[in-house]
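*Asks:* Sequences listed follow chains A and B, in order.
Numbering follows our numbering, in which position 929 of the first sequence is assigned residue number 929; successive positions increment by one, without gaps.
Numbering follows our numbering, in which position 152 of the second sequence is assigned residue number 152; successive positions increment by one, without gaps.
It should be emphasised that the hints constitute simulated quantities derived from the structure, not laboratory data.
Certain hints may be false.
[As the list claims (entries may be wrong)] If you only want the chain A side, here are some residues facing chain B, beta carbon under 8 Å, derived:
id, residue
1, 141
2, 182
3, 209
4, 210
5, 228
[What the hints assert, rightly or not] For each label pair, taking beta carbons as the anchor points, the in silico distance ranges come out as:
id, chain 1, residue 1, chain 2, residue 2, range
6, A, 249, B, 38, 30 to 40 Å
7, B, 148, A, 249, 21 to 31 Å
8, B, 173, A, 596, 33 to 43 Å
[What the hints assert, rightly or not] Simulated pairs of lysine-lysine, BS3-like, Cα-Cα distance not exceeding 27 Å:
id, chain 1, residue 1, chain 2, residue 2
9, A, 46, B, 133
10, A, 647, A, 703
11, A, 46, B, 120
12, A, 316, B, 118
13, A, 316, B, 167
Predicted, not measured: the structure shown is a model, and the values here were computed from it.
Beta carbons are placed, not taken as given, at the ideal position from N, Cα and C, and that holds for glycine.
Take a look at the letters that make up each chain.
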Amino acid sequence: MSTFVGSSAHMRVILTVLLIVCSYFANAQQPFVRDFPLTETHTPVKVNALQQGAIGYIWLGTDNGLFSYNGSKFVKIQDSVHQPVTAVAVAGKTVWVGYSNGKIGVVSGQVVFPLYIKNGPSSSVTSLHAAGKGLLIAGTEEQGLFVIMNGVAMPFNTANGLSDDFVYDFAISGNRLLVATDEGINDISLAGNRISVNKYTTRDGLPDNIVSCISKIPGTRLYLIGTQEKGIAIYDDEHKTINSILDEGEEWAYGQVNYILPVAGYRAWAATEDGYLLEIKMNNGTAECHPVHYPGKSLEKLLLDRAGNIWCGTNKGLMMVTGEYLRNIRLGAPYSLYDVTAMVWDNNSLLVALKKDLYQLLFKDTIPSMEHIFTANANITSLFIDKEDRLWIGTFGDGLYYEQNGNTAIKLEGIEELGEDASVLSISGTPNNIWLAGLKGVEELSYPVDGKINLVKHHGKKTGIGSDYVYQLFPDSKGNMWMATDGAGVCMYDGQKYYHWDSTFAAGSKVVYSITEDKAGDVWAATMQRDLHRYHNGNWENLRLPETQFPDINISAVMANASGQVISVYQRCIDEWYPKSRYFRHYNSALGIGIDSTSNALNCLAKDNEGNVYLPYQHGIIVFKNKTAEFDIAPAVLIAHPTIYSKAVSGNKHKFTYDENYIGFAFDGISYTNHERLNYRYMLEGYNDDWIYTNDAAASFPKLPPGDYKFRVQVALNPAFDHPGEDSYSFTIAAPFWKTNLFYVLGSIFVFLLLYLYIKLRERRLKSISRLQQERMMFEYEHLRSQVNPHFLFNSLYALSILIEEKKESAVDYTTHLADLYRNMLTHSKKDLIPLKDELEILENYIHIQQTRFGDALKVKIDIPDEVLETKKIVPLAIQLLVENAIKHNVVSAAHPLAIYITATKHELTVRNPIQPKISQEKGEGIGLVNIKQRYALLTKSPVSFGVHGSQFVVQLPLL
Amino acid sequence: MRQLAFLLYMIVFHTGFASGQKDIYQVTGGTIRFHSDAPLEMIKAASKNLIGAVHVSKRTFLFRISIASFQGFNSPRQKEHFNENYMESDLFPLAAYSGKIIEDVDFTKDGEYNIRAKGKLTIHGVERQRIIKCHIVCKDGTISVQSDFIVLLADHNIKIPRIVSDKLSPEINVSVNLVLVQKPSS
Numbered sequence: 001m002s003t004f005v006g007s008s009a010h011m012r013v014i015l016t017v018l019l020i021v022c023s024y025f026a027n028a029q030q031p032f033v034r035d036f037p038l039t040e041t042h043t044p045v046k047v048n049a050l051q052q053g054a055i056g057y058i059w060l061g062t063d064n065g066l067f068s069y070n071g072s073k074f075v076k077i078q079d080s081v082h083q084p085v086t087a088v089a090v091a092g093k094t095v096w097v098g099y100s101n102g103k104i105g106v107v108s109g110q111v112v113f114p115l116y117i118k119n120g121p122s123s124s125v126t127s128l129h130a131a132g133k134g135l136l137i138a139g140t141e142e143q144g145l146f147v148i149m150n151g152v153a154m155p156f157n158t159a160n161g162l163s164d165d166f167v168y169d170f171a172i173s174g175n176r177l178l179v180a181t182d183e184g185i186n187d188i189s190l191a192g193n194r195i196s197v198n199k200y201t202t203r204d205g206l207p208d209n210i211v212s213c214i215s216k217i218p219g220t221r222l223y224l225i226g227t228q229e230k231g232i233a234i235y236d237d238e239h240k241t242i243n244s245i246l247d248e249g250e251e252w253a254y255g256q257v258n259y260i261l262p263v264a265g266y267r268a269w270a271a272t273e274d275g276y277l278l279e280i281k282m283n284n285g286t287a288e289c290h291p292v293h294y295p296g297k298s299l300e301k302l303l304l305d306r307a308g309n310i311w312c313g314t315n316k317g318l319m320m321v322t323g324e325y326l327r328n329i330r331l332g333a334p335y336s337l338y339d340v341t342a343m344v345w346d347n348n349s350l351l352v353a354l355k356k357d358l359y360q361l362l363f364k365d366t367i368p369s370m371e372h373i374f375t376a377n378a379n380i381t382s383l384f385i386d387k388e389d390r391l392w393i394g395t396f397g398d399g400l401y402y403e404q405n406g407n408t409a410i411k412l413e414g415i416e417e418l419g420e421d422a423s424v425l426s427i428s429g430t431p432n433n434i435w436l437a438g439l440k441g442v443e444e445l446s447y448p449v450d451g452k453i454n455l456v457k458h459h460g461k462k463t464g465i466g467s468d469y470v471y472q473l474f475p476d477s478k479g480n481m482w483m484a485t486d487g488a489g490v491c492m493y494d495g496q497k498y499y500h501w502d503s504t505f506a507a508g509s510k511v512v513y514s515i516t517e518d519k520a521g522d523v524w525a526a527t528m529q530r531d532l533h534r535y536h537n538g539n540w541e542n543l544r545l546p547e548t549q550f551p552d553i554n555i556s557a558v559m560a561n562a563s564g565q566v567i568s569v570y571q572r573c574i575d576e577w578y579p580k581s582r583y584f585r586h587y588n589s590a591l592g593i594g595i596d597s598t599s600n601a602l603n604c605l606a607k608d609n610e611g612n613v614y615l616p617y618q619h620g621i622i623v624f625k626n627k628t629a630e631f632d633i634a635p636a637v638l639i640a641h642p643t644i645y646s647k648a649v650s651g652n653k654h655k656f657t658y659d660e661n662y663i664g665f666a667f668d669g670i671s672y673t674n675h676e677r678l679n680y681r682y683m684l685e686g687y688n689d690d691w692i693y694t695n696d697a698a699a700s701f702p703k704l705p706p707g708d709y710k711f712r713v714q715v716a717l718n719p720a721f722d723h724p725g726e727d728s729y730s731f732t733i734a735a736p737f738w739k740t741n742l743f744y745v746l747g748s749i750f751v752f753l754l755l756y757l758y759i760k761l762r763e764r765r766l767k768s769i770s771r772l773q774q775e776r777m778m779f780e781y782e783h784l785r786s787q788v789n790p791h792f793l794f795n796s797l798y799a800l801s802i803l804i805e806e807k808k809e810s811a812v813d814y815t816t817h818l819a820d821l822y823r824n825m826l827t828h829s830k831k832d833l834i835p836l837k838d839e840l841e842i843l844e845n846y847i848h849i850q851q852t853r854f855g856d857a858l859k860v861k862i863d864i865p866d867e868v869l870e871t872k873k874i875v876p877l878a879i880q881l882l883v884e885n886a887i888k889h890n891v892v893s894a895a896h897p898l899a900i901y902i903t904a905t906k907h908e909l910t911v912r913n914p915i916q917p918k919i920s921q922e923k924g925e926g927i928g929l930v931n932i933k934q935r936y937a938l939l940t941k942s943p944v945s946f947g948v949h950g951s952q953f954v955v956q957l958p959l960l
Numbered sequence: 001m002r003q004l005a006f007l008l009y010m011i012v013f014h015t016g017f018a019s020g021q022k023d024i025y026q027v028t029g030g031t032i033r034f035h036s037d038a039p040l041e042m043i044k045a046a047s048k049n050l051i052g053a054v055h056v057s058k059r060t061f062l063f064r065i066s067i068a069s070f071q072g073f074n075s076p077r078q079k080e081h082f083n084e085n086y087m088e089s090d091l092f093p094l095a096a097y098s099g100k101i102i103e104d105v106d107f108t109k110d111g112e113y114n115i116r117a118k119g120k121l122t123i124h125g126v127e128r129q130r131i132i133k134c135h136i137v138c139k140d141g142t143i144s145v146q147s148d149f150i151v152l153l154a155d156h157n158i159k160i161p162r163i164v165s166d167k168l169s170p171e172i173n174v175s176v177n178l179v180l181v182q183k184p185s186s
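So here's chain A without its partners, still in its complex pose (with noise of 0.2 Å):
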């Protein structure tokens, strides 16, 4: 193959020193986690590695072998290696898996099944790459990096220039292969047939020469690197710089790093072996560290899925955090939020009403400090800040407080609409005024100049709103003014008219709590009645109500961030809303991260500059963050492996016999945000085009008549499956072979091909016959010719005319023989067959006539038994023919008498007679034997032979 070149170290890399800034506030923000154990007969189980496939499994490859993991349940992938998982690479649908052994698997439906590799790793996997076109990478613990194809394992390591065989972790980028080893970092290259091998140990600034982990941050050439004792480094490829985010001298308190997940904005988050999650944000050449701690366990994977959940591999199981979209800030005992009454986002803090008390949040450290600032003489219901940072308090009974000179609160006074005891629902801002809403109605004010405040002007139920208890007051990005009113609906102001939206509007609702404007420029509205709604292209609709059926009546505010999701927060849950999948996340108690219950005054939710949600309950406040990326919360579905007669077959086959008609489906919803409100129908195309709706994950269809079908399955996080996701398998049952094409083409042609044997047969048969009655009127013709020949009729005519002179009594007899003959020529000619004796009859004749002529001269014996003279029959004229053939070809003398011997056994005949041949030989048409043998031939098998024996001229005749 290619050649090597080691280098070391060509290439020095500048040592680059990076403060951590630490930011405290950001300190405090700590992801949800929940805990997924794992475990085998009560031992902790530790995930080794994690992967997400294309279809939406996570694979976590364990100590006890390969699980896939559908949101909700765990599977084992059953195996034959028995040995720990330590690696999994998925591309496309097919997923790898490297064991602890050096064995390398492939899962096909629910098992793995482990490849035979030739030259193979036998240590242990600890990274796996599938880097496509069926090539496998794998780094293992004590043999270096194996590249993989067809089933041949090339080895990488300290003989091909690998500066250690230990191999952590590996990156790819193109042809190029930054590995983590025991000796720093080797960047292998493939230019052209040379592999090149440049390493970075300690020496080029590398702030450990053992390299844990190693990932590239995606669009970029920059990798993060993570070391066993020198914590975290960033490796520039593009000014082949390393930077260590430690400080010089710094030690590095949080253990081993074990993985980086690099997620969007230029952060990552790191997984170390001490249990600490570190959250790092890496801006212009620095670089921020917050670590979070997980005691008892060792961190040993992450992963970021598309729902935007990061899963973390431990020692003991599987850990769900939710740092991309939901962050956590834990108060101490005593502090409850669950009394909240108001609350506002102020400058990195935030201000929170608990009843009477005001207090300023700190984000000072992990623990935030609550610092009393502030006494009402009422409940504190509303806080703002203005556009010069100014405070307001509303009360609910003593009226409006606002800050002077950054410390003092002064209480309005001197507004007669207001009135001193006044309750302060929503106070809110225009860039020209100050906006109250409380019980009589709403008042825009000035801003405070010189310390005075005018009222601009009152709004109430007479002036146009419809009611005088307003809840929020909310002015959208457009300049108009929206209020939340109890008993008018909706109300905008847009400075000049009001505009209503109450019972005629889709919410129907007269009550309406909070009002929000999104990302998109909709405005979303609580109300009572009616749940939520979006206020979309000039139509309210209820976004809500294909999820719930029902509208729930305990909403009590709605607020939308600054990358599309809107916060609805209801007694019992709280749902955001992500507007590209077009569902709602649901959180609740049941989702186990330790959310219980919420504040329960209306509209305690406070936004910062960056458009963060904050909620508080009761251990703290909730912050739903802005997403960095696009998350999709929407489901999947995946048919496994169809079944026939409860019996799996693969995936693959799609065809079916007539008899395999007793199909059956399974099926796996997928979804790693509410998997326990996932909803399921199914069709079968071809069969019933209605969808059946089920909770059963599983389909099955007895006696499908052959045709062609599409099951398809969808999955929805709401019953009215809007949006749903989907899977499908078409198949095909074959109709039974006697109803194919080929089936009848090729019956057709075998019936043709009897018909036309059919008629073959016949027509030989009646060509026979039709030869036979040819053969047969040729012989009657050939015989009467012969009977009529001028020189029998002239001898027999002269021999009676000697027997009229002579003997005139025998010449009666004569006649009458001569009669006869003819008379039984004609009857017995016509047939095919007669008796013997018949045959035998006509002899008589034709000898009687012939002795008269030829008289002692000829002799006829005849000796045939009489049981065959009466069974049997033969061809009319045979004999008499032999007979008369004798006398024609031979000679009848006094001198030479001519004596024919006519016997006969069972089966045969026999005419003889001694050859005299003539000297003059009779034109011997010898038509007449070729005439017996061929009508013989059309009768029987059996032979007519005739031929010379000695001194006799011998034809045999079968008896039939």
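Fit chain B to the given chain A structure using the hints.
*Replies:* Only chain B this time, still in chain A's reference frame:
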């Protein structure tokens, strides 16, 4: 002694014949102690029967100790339990640690170094890849090594009967002191 000879042979074999014996340092004195702090009982024992060697230029090492050689238990009964119930020293008579030294340290120079040893730690027949930090002092051709580390019983498939879980900690603290000297050329 036969064992040691085999060991040295192995090291020389592994590291190549070319490198001379001067690169091999062998253990002349070493002590391994361990203690387990459980709520109800503290177990401690020590052994001086450590054998092993370091190849200083190849930076490889191999150490081995006989389990049965540990002495100093609280009672003979405790020792019996240790050997029979937990360590099964009949089946697995030796514990071993072999591997490589990560830091590129010149052991022939006098000085103090903190290094990491990486290799396979075999206890109770179960191999584990471990990185163990060591403090070494090189002086006048001798290398003194000091190291403390923790062994998790679960890592080595050492089962604690539930009834004595209060008497045995799942974490065992191990401390090693040893002196290596250059192998005299023979």
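*Asks:* Sort out whether residue 167 of chain B lies within 27 Å of residue 316 of chain A, counting only the CA atoms.
*Replies:* This hinted pair holds, its Cα atoms lying about 24 Å apart.
*Asks:* Can the suggested window of 33 to 43 Å be confirmed for the beta-carbon pair residue 173 of chain B and residue 596 of chain A?
*Replies:* holds, 41 Å
*Asks:* Tell me if the interface restraint on residue 228 of chain A is satisfied: Cβ within less than 8 Å of some Cβ in chain B.
*Replies:* holds, 6 Å
*Asks:* Is residue 46 of chain A within 27 Å of residue 120 of chain B, Cα to Cα?
*Replies:* Holds, at roughly 19 Å.
*Asks:* Within a Cα-Cα threshold of 27 Å, do residue 647 of chain A and residue 703 of chain A meet the stated pairing?
*Replies:* Within the cut-off at roughly 15 Å; holds.
*Asks:* With 8 Å as the cut and Cβ atoms as the points, is residue 141 of chain A at the interface with chain B?
*Replies:* holds, 6 Å
*Asks:* Report holds or violated for the interface hint on residue 209 of chain A, using the least CB-CB distance to chain B and a cut-off of 8 Å.
*Replies:* Status holds, d = 6 Å.
*Asks:* Could you grab the alpha-carbon distance between residue 46 of chain A and residue 133 of chain B and see if it respects the 27 Å cut-off?
*Replies:* holds, 24 Å
*Asks:* Quick check on the hint: residue 210 of chain A CB to chain B CB, less than 8 Å?
*Replies:* holds, 6 Å
*Asks:* Just to be careful: measuring from the Cβ of residue 182 of chain A to every Cβ in chain B, is the smallest value less than 8 Å?
*Replies:* holds, 6 Å
*Asks:* Does the Cβ pair residue 148 of chain B, residue 249 of chain A satisfy 21 to 31 Å?
*Replies:* holds, 23 Å
*Asks:* Assuming the hint says 30 to 40 Å, is it satisfied by the Cβ distance from residue 249 of chain A to residue 38 of chain B or not?
*Replies:* holds, 38 Å
In this structure, every one of the numbered hints holds.
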